[in-house]
Amino acid sequence: MISTSLRSLNIYCIIGYLAFMGLAIDSSMVDALVFYVTDQNGQAVFSTGLVQSNPLPGGPTGSSPLVALQFRSQPAATPGPESAPPTPPMPAAGAAAPPPQAAPEDERTEEIALIEHQGTTDSFSAPAPDPQARDEADAEDTEGEGEGTLPLAPATQATNPGRPADDPQRHPAALAPRLSPPAQPGNVAPTAAPAPVTLPLTPATSPRLSAATVSAVESGENPSILTLLKTLPERPWTYNPMLDRYVVRYDAETTIVLTLRPSLQTQVEKLFAANSCKLGAAIIQDPTTGAVLAMTSFDGWRPLSPTSPEFRTNNWALQPTFPIASIFKIITAAAGLEKRKVTPASSIKLGRKWSMTLWEAFAKSHNGVFGIVGRSVGSQVLQAYANAFGFNKPFYFDLPVGVSQAELPANAVKLGEAAAGLNRNFEISPIHVASIISTVLNRGRQMKPYLVDYVLRGNRVIFRRKPFPIAQPMSAGAAQQIYEMMKTTTTHGTGKRGFSKFPDCPDLARLCGGKTGTLTGANPHLLFTWFGGFTRTAGRDLSIVFLVGQPGMSRMRASTLAGRLAHELYAGRATAATPRLATR
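In my numbering, the protein residues as written are 2 to 585.
The hints are simulated quantities; they were obtained by calculation from the structure and are not laboratory data.
Small disclaimer: the values here were computed from a predicted structure and weren't measured.
Built from N, CA and C at the ideal position, the CB exists for glycine as well.
Keep in mind that the hints are not guaranteed to be accurate.
Think about it this way: if two alpha-carbon atoms lie no more than 27 angstroms apart in a straight line, the pair counts; the simulated DSS-like pairs of lysine-lysine are [what the hints assert, rightly or not]:
#1 K394 x K467
#2 K394 x K350
#3 K354 x K415
Label-pair distances were calculated between CB atoms; the ranges are [to be verified]:
#4 G540 x R250: 32 to 42 angstroms
#5 N276 x A539: 17 to 27 angstroms
#6 S356 x T228: 34 to 44 angstroms
Between the sequences and the hints, there should be enough to build the whole structure, so can you do that?
Quick look at the structure:
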């Protein structure tokens with residue numbers, strides 16, 4: 002016979018067990034349930050679910066050999082490299098050093114635990130557009146959570162198109178404290194490959210002088226390629242109808258032939274002339290060679306043509322004075338994918354019951370998700386990737402270009418903001434954005450951008466440019482994943498409206514892709530929108546970059562102009578005939 006007291010104790014045990022199981026089953030109450038495991042050599046014996054690093058109430062403070070884990074009904078699968086993360090790459094030689102302190106390891110662990118990996122494969126293809134999805138053609142694009150509420154520049158009176166004003170926002174040279182000085186023959190840096198750098202992946206190509214990047218069939222008196230490049234900012238540029246190219250006359254016998262395609266150049270100039278904005282810039286680039294096929298700068302009054310002297314000295318496309326905004330999410334995504342923190346299908350928790358996959362966050366430019374990814378990677382690793390993509394080091398081009406700036410903070414909150422592209426001190430030039438986009442399209446290989454195609458002496462070619470890679474910031478696999486996520490921007494996300502309003506090309510959004518960005522700049526103080534992406538024409542991809550600056554929110558955005566250019570290419574009203582174009 003069991004005594005009454007023992008029977009009551011058994012009943013209490015059963016009730017306690019049922020309550021315990023109820024807590025475990027109810028996912029909304031997982032915060033009340035923790036398990037303890039010991040660590041071995043500084044690593045947890047096992048890891049599953051959401052890690053809670055805060056000590057229990059009433060418990061001892063400070064470090065403890067015990068790790069608190071919350072129970073989850075569906076444990077998150079931890080990727081293999083997570084147990085032994087690779088050593089973070091060091092920043093580039095000669096570049097600014099990363100912040101002295103990275104985010105604490107426990108804070109990074111908390112961010113990692115918010116990421117749930119779906120599946121075991123790294124392959125990802127952009128999902129097809131959903132015909133039942135809400136039509137966003139009449140809705141204003143929202144570029145990331147929180148960016149729409151940033152303070153805007155005060156409204157300014159539009160410039161009279163008939164009378165150009167001496168406005169500092171009109172001429173980049175007026176911004177001397179922040180911009181590079183106008184090009185002078187003695188200040189033009191030789192077009193050499195960057196100094197040796199240490200990259201997150203394979204090392205960069207060994208640096209070579211520009212003379213080694215061209216093949217020369219020289220006579221004794223032929224000028225060197227460095228001498229020819231130094232004359233670009235000072236000699237007049239003209240259009241040669243026989244060659245259908247823009248050319249620069251070095252002397253009576255020597256002609257420098259540029260890569261700019263007149264048909265593409267005319268098209269981007271017409272886009273800015275027909276659409277009102279305060280400031281703008283556009284670039285079209287061949288991602289497999291680095292050749293710049295079109296480039297213009299718009300001052301609110303007229304777009305610059307290559308035959309204009311200001312094209313070579315006061316060109317917004319070459320000025321690193323614009324906030325990078327959400328374009329930086331490409332770098333954050335590259336670091337997260339390479340370091341095995343996320344995959345495109347990873348689900349990132351945003352609160353108790355809401356989550357979003359990485360590709361959805363990329364398409365909709367969600368700042369919170371990329372803040373989590375950036376903090377999980379850490380400031381030192383993210384700084385190394387920013388340096389590998391060309392920040393904080395000279396940008397080598399055939400015309401002078403200033404240095405793009407990006408210094409990752411160590412503070413966890415500010416690191417998350419920077420990883421999402423919300424740091425206004427991260428400044429970049431449109432030509433640098435084009436280089437980043439081309440790196441993605443070229444399977445992670447960064448090509449040196451250039452303007453000089455070949456040089457004629459009489460009727461004989463004495464120099465012909467040979468494209469060459471200067472870095473490999475990310476692997477081909479990571480580049481392919483980002484390429485597929487870029488497609489979702491135009492089919493599901495912030496670029497959908499600009500690419501989905503052409504009845505004669507209903508599949509245009511599916512043929513293109515990119516990344517948008519929106520942020521207020523400091524100098525000029527305008528609201529800038531970006532579109533950095535690609536358009537597919539004749540079975541080939543071209544890198545396209547548009548920058549639009551407005552005094553406030555406007556329906557004329559960079560993605561609007563990019564969509565119109567893509568439509569013009571699709572309709573055949575602009576051509577990009579060249580034997581060396583990107584092919585995927």
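Tell me the numbers of any earlier hints that the structure contravenes, in ascending order.
The structure conflicts with hints 2, 6, although it agrees with all the remaining ones.
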